[in-house]
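So in our numbering, the last spot in the sequence shown is 205, and the numbers never skip.
Because the hints were derived from the structure by calculation, they are not lab data. There could be a bad hint or two in this list.
[Claimed, not checked] Okay, derived cross-link-like pairs now, DMTMM-like style, lysine to aspartate or glutamate, Cα gap no bigger than 25 Å in a straight line: (1) LYS129 <-> GLU91; (2) LYS123 <-> ASP135; (3) LYS147 <-> ASP72; (4) LYS168 <-> GLU103; (5) LYS69 <-> GLU107; (6) LYS134 <-> GLU103; (7) LYS87 <-> GLU103; (8) LYS134 <-> GLU172; (9) LYS123 <-> GLU103; (10) LYS134 <-> GLU117; (11) LYS196 <-> ASP148; (12) LYS78 <-> ASP163; (13) LYS123 <-> ASP72; (14) LYS75 <-> ASP94.
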Amino acid sequence: MEGKVLTPDGLERLQKELDELKNIKRPAMANRIKIAREFGDLSENAEYHEAKEEQSFIEGRIIELEQLLKTARVVKTSQNKDVVSVGCRVMVEKDGQTLDFFIVGSTEADPINRKISLESPLGQALLDHKVGDEVEVNLPASKVKYKIVGIS
Numbered sequence: 054m055e056g057k058v059l060t061p062d063g064l065e066r067l068q069k070e071l072d073e074l075k076n077i078k079r080p081a082m083a084n085r086i087k088i089a090r091e092f093g094d095l096s097e098n099a100e101y102h103e104a105k106e107e108q109s110f111i112e113g114r115i116i117e118l119e120q121l122l123k124t125a126r127v128v129k130t131s132q133n134k135d136v137v138s139v140g141c142r143v144m145v146e147k148d149g150q151t152l153d154f155f156i157v158g159s160t161e162a163d164p165i166n167r168k169i170s171l172e173s174p175l176g177q178a179l180l181d182h183k184v185g186d187e188v189e190v191n192l193p194a195s196k197v198k199y200k201i202v203g204i205s
């Protein structure tokens, strides 16, 4: 099974999240459960049930991150800025407006912070193209054209 694509920054962020979950949140949750148990009857102890639910979420996320990190394919940011690749910043023009995006793996995608997945329609359209190329993105309701004006 081929793992998810991650940039070195994405790998570091996920490793930090895993470390925080294992070394800070997991022990804190165990303590919270211990304290909630001391309140007595567990069948009607909302604090206990809430803590157990949160513990399940933390444990699930730890398992998810461990699996992701074990199978991840880390791609080095290309020094070749001639073509769009994972980890690069791409400047495009659309309808006279300049936009810029970072191409990242799907796990790192964060459209609000202009990080788009290489698996997204725009990411797929931009990959392996050069400055000056025009790409067309097929969206459910329309087609949008972008002109690549910079890669860094």
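Verification of the hints:
For a cut-off of 25 Å, the pair hint linking LYS129 to GLU91 is broken: about 51 Å separates their Cα positions. Restraint check for LYS123 and ASP135: the C-alpha separation of about 31 Å exceeds 25 Å, so the hint is violated. A hinted pair counts as satisfied when its Cα atoms are at most 25 Å apart, and LYS147 with ASP72 does not qualify at roughly 41 Å. As the CA atoms of LYS168 and GLU103 are separated by approximately 34 Å, the hinted pair breaks the 25 Å bound.
With a C-alpha separation of about 19 Å, the suggested pair LYS69 and GLU107 falls inside the 25 Å cut-off, and the hint holds. As the CA atoms of LYS134 and GLU103 are separated by approximately 50 Å, the hinted pair breaks the 25 Å bound. Note on LYS87 and GLU103: the hinted pairing holds, with a Cα-Cα distance of about 13 Å set against a maximum of 25 Å. At roughly 20 Å between alpha-carbon atoms, LYS134 and GLU172 fall within 25 Å of each other, so this suggested pair holds.
For the given pair, LYS123 sits about 30 Å from GLU103 by alpha-carbon distance, which is inconsistent with the 25 Å threshold. Only pairs whose Cα atoms come within 25 Å are accepted, and LYS134 paired with GLU117 is rejected, the gap being roughly 33 Å. This hinted pair checks out: LYS196 and ASP148 have alpha carbons roughly 13 Å apart, not beyond 25 Å. The straight-line distance between the Cα atoms of LYS78 and ASP163 is roughly 24 Å, inside the 25 Å bound, and the hint therefore holds.
Our distance criterion of 25 Å between C-alpha atoms is met by LYS123 and ASP72, whose separation comes to about 14 Å. Restraint check: the Cα-Cα separation between LYS75 and ASP94 comes to about 29 Å, which exceeds 25 Å; the hinted pair is violated.
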